[in-house]
Amino acid sequence: MSWRLPKLVPRSAPVILLVLTLAAATGFAGVSHLVTRFTANQQSRGRKLYALGLSAASAGRYEDAISAFRAALTCEPANSQYQLSLARALRDSNDSRRLDEAESYLVALWQRTPQDAAVNLALARVAAHRGSVEDATRYYHNAMYGVWNSDPDGNRRRARIELIQFLLKKSAPERAESELMALATSLPPEADEHLQAAQLFAQAQDNSGALGQYEEVLRLDPVNAAALAGTGEANYRSGNYATAEHYLQDAVNADPQDANSRQLLASSEEILRASPFHSHISDAERNRRITAAFARGEQRLTECAQQKGINLTPGPGAVPSVSPLTTLQSRWSATKPDLARLHSPAETALPDTIMDVVFQIEQQTAAICGPPQGTDLALLLISQKREAAAR
Amino acid sequence: MSSPVSTGTSSAPSAQPVTVRMQIPRRLFATLEGVFNEEVFFLILSVFIGIFSGLAVVCFRLAIDWMHLALLGPLPQTHGWRLFAVPALAGLVVAVLVIHVFPGIRGSGVNQTKAALYIFNGIIPFRTAVGKFLCAALAIGSGQSLGPEDPSLQIGASIASALGRQLQISREKLRLMAPVGAAAGLAAAFNAPISAVLFVIEEVIGRWSAGILGSVVLSAVSSVVIVRWFLGSEPLFRIPVTTFKRPTELVAYAVLGIVGGLASVAFAKSIGYLRPRLSALPRWTQYFQPALAGLLVGLIAFLGAPQIMGAGYDSMDQAMHGQYAWKILAILAVLKILATTFSFVSGSPGGMFAPTLFIGAMLGGAVGDVERMFFPHLTGSTGTYVLIGMGVLFAGFLRVPMTSVFMVLEVSGNYEIIVPVIVANTFSYLISRSLQHIPIFDLLTRQDGLILPSLEENREETILRVEDAMLAVPATILSAQDYVDANYHRVVGSTDPAFLVRMHPSGWNVISREQLQRLFKEGKGELMLGSVLPKQFLPSLYPDLPLDSALRYVNNYPLIPVVNRADSRRLEGMISRESVFNKYGS
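Quick mapping for you: the protein sequence lines, in order, are chains X and W.
Position one of the first sequence corresponds to residue 843 (our numbering), numbered consecutively onward.
Position one of the second sequence corresponds to residue -15 (our numbering), numbered consecutively onward.
Keep in mind that the hints were calculated from the coordinates and are not lab data.
Check before you lean on any hint, since a few could be wrong.
[Claimed, not checked] Covered stretches of chain X, going by a simulated chain W footprint (3 or more residues, C-beta under 8 Å):
id	stretch
1	877 to 887
2	937 to 943
[Unchecked claim] Here are the simulated DMTMM-like pairs of lysine to aspartate or glutamate, each with C-alpha atoms no more than 20 Å apart in a straight line:
id	chain 1	residue 1	chain 2	residue 2
3	W	K508	W	D469
4	X	K890	W	D49
5	X	K1178	X	E1189
6	W	K508	W	D466
7	X	K1227	X	E1111
8	W	K311	X	D937
Cβ atoms here follow ideal geometry from the backbone N, Cα and C, with glycine treated the same way.
Generate coordinates for the entire structure from the input sequences, incorporating the hints supplied.
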């Protein structure tokens, strides 16, 4: 059996080229038809597999999802949605070896559509998985300023919040704070949104920022327990113990199960009871508080020394141990006689001098023996507030 | 052709416009025909060859995908008996088709294209293209461990050959049609025009020639354009970030080259050993050989390694992204060698390009992971080793060193890894050459009883040059500006039969002793030697020219001067017929 093509005809170059062009056009049309049909068939098959993959992914069955997405991609290799979903499944499968592949899919997508916010967000999450602050920040920013198919404002806000949470997790509060500033200006008038922002400000230790957002929440929802607690805590952290006490009391009333607020409330009350610098107390009360604080200081010193096995009052002939605690004990003993002059109106600087000794004791013992409780904690916090004010 | 057309009589008023209309196309055609000399026509034809080959390869790939989905379903979800039953049954059908309908499609498409170029005057039956298309689509689609590139190459070559024959182009051009089509087919299959061009130049044509290079490039580029038009420009693999940071890491890549070279030898030797033995078995066994190969491939897949089925590009992609542990990678490499060897030697139509890449990818990944286990400071990712592994096997198994380098670069689009690629490929190539003297394509050709030029041997053949046969500068050089008798007295003591004459102001001539003696005796001693010599000068040669170029002169002249390229008056030596023949005879 011998197969031969029919002989082409005139040996005229233009005619030949014309015939070849027509043949190429016909072939092109034929192949177009074939490819279209095949592609449609493949797309239909791919959509079914993709749906399977999505349901598996939403159920947390990432292996099944990956398998289904891969199969869908064999049907439609260039489908961006399938690639993105596969990349997400690979990333979420808790297998660090798969991050490379996820990233590779995403980078390929990013190269095609660098403005696609969803791709940038997925890349940012991969970078976050890897712990790369620079890459993650870059991709999160791309996502924020990229093109979203739906709810662009909400998606941008959520991307920024995700970035802030990542930065806080990576101990980069300054960067987080600058993102929070931007976030604060773009929040809609909804209590939940402001509450989340306030909590992020608080995590970034920006108490004034947190207070601003909590106030906004309370303006929108005056009995919001979380906002009351947050406002109380932010005031407490800022050293506004009287205000803190007020809000924390409201928070405890609104949610009696709120142990943190209850604890902070107790601490605030203790501080307000112990502080000799309160503006609305009499001189006698101030002196009483100073005397009590001074006595408490010695007690704390003694307890700490015992805890560390240091003898603060060695007997005659014994070698005194060299420790900050013995130095403090000496200072305390030297200051003790001054207490008698506390009532004298001429000794205006004496309360500060006495309280300096107390504050030093509280700070040193906290450093040596660990964080204090109760009145000692109150005195320590008062000392920190005083120092901050002095700075 | 453009003879004037009679315009008839002027009494027919309507005849004038008709005549003009007829004349315009004829003149246009005549002008165009003048423009389209054979060289230009061949170049344009190359574009069409690329288009037709591209269209055919698109259909071929659709056919493979369609077969695969119809017979096996999407591979990640293929289960059960179909894994081994489908390749075995498809193997039976392929065997019947190959034995009874398309007997010419057995063997390597590369070799058949070379045979067309060197033996069959560029003729590859169109039937071969049809047979290759159908049988390879069925074999590869059913999961046989073979690749679509070699059949694509042959389909392209076959289309080009058929086109050339139909257009009755000259025999010289027809011979070149097959490689032009082969480049188009391979470029379309790999979606990599540079590698395809290099492969055809390196392995099929074997020489760089400006005449053919333009056509090969045009056809390759146009076929790739067609494929990308229809199937998109997605690369075969998603290339991860690949970097090369420290030169000391070249040692790690050299080790990969060594391992790859050894694997290449094992792969080539197993094919070289089994193929003639299976071919020598009784004819009835040939019906079952593809089926048994399919059964083996299916069983391997059924037992847990479906990655080895078909071309395996998806698995290479996953290996490139660190989806497999090194043990799995190593096992897959070994199993793929086994599966491809049996698929290929059974006579199933299909190529070894993709399996070679697969084996290289898996081996590269395995070697890279093991190296990093022992030397954690190595910075190359698994993807980098996988990519370089592909090039290593390409260099070692197919023995195409330049293509192997450019293929990796073209596929990865990353020139940062060029140094590791070259180092690893060089080691692989050298080891393969020293342990397997005959390259795989030459081996297959010899097993088929054909004697085709070994392009590797051609590349390395020592070329004799003029300087190799050159005699020393003679003691006696005559001058055209001296008198005949002065020149005669100068040669009296010499025994040389002929002498070079330096002409004025430049050029050389030659005179024999007898001629000079005769001139002297004829009383022409008072004449200038230059005035009595023939006017045409001697051709002169340069020392670096191939000695072959001297052959066309040595019968016409007793001596030929060899001069310096920078100063043609400066004599470097001379050659004679005896010196040239002695050199060829030595």
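The hints, checked one at a time:
no., hint, result
1, 877 to 887, "holds (count 4)"
2, 937 to 943, "holds (count 4)"
3, W:K508 x W:D469, "holds, 8 Å"
4, X:K890 x W:D49, "holds, 18 Å"
5, X:K1178 x X:E1189, "holds, 15 Å"
6, W:K508 x W:D466, "holds, 12 Å"
7, X:K1227 x X:E1111, "holds, 16 Å"
8, W:K311 x X:D937, "holds, 18 Å"
In summary, this structure violates none of the numbered hints.
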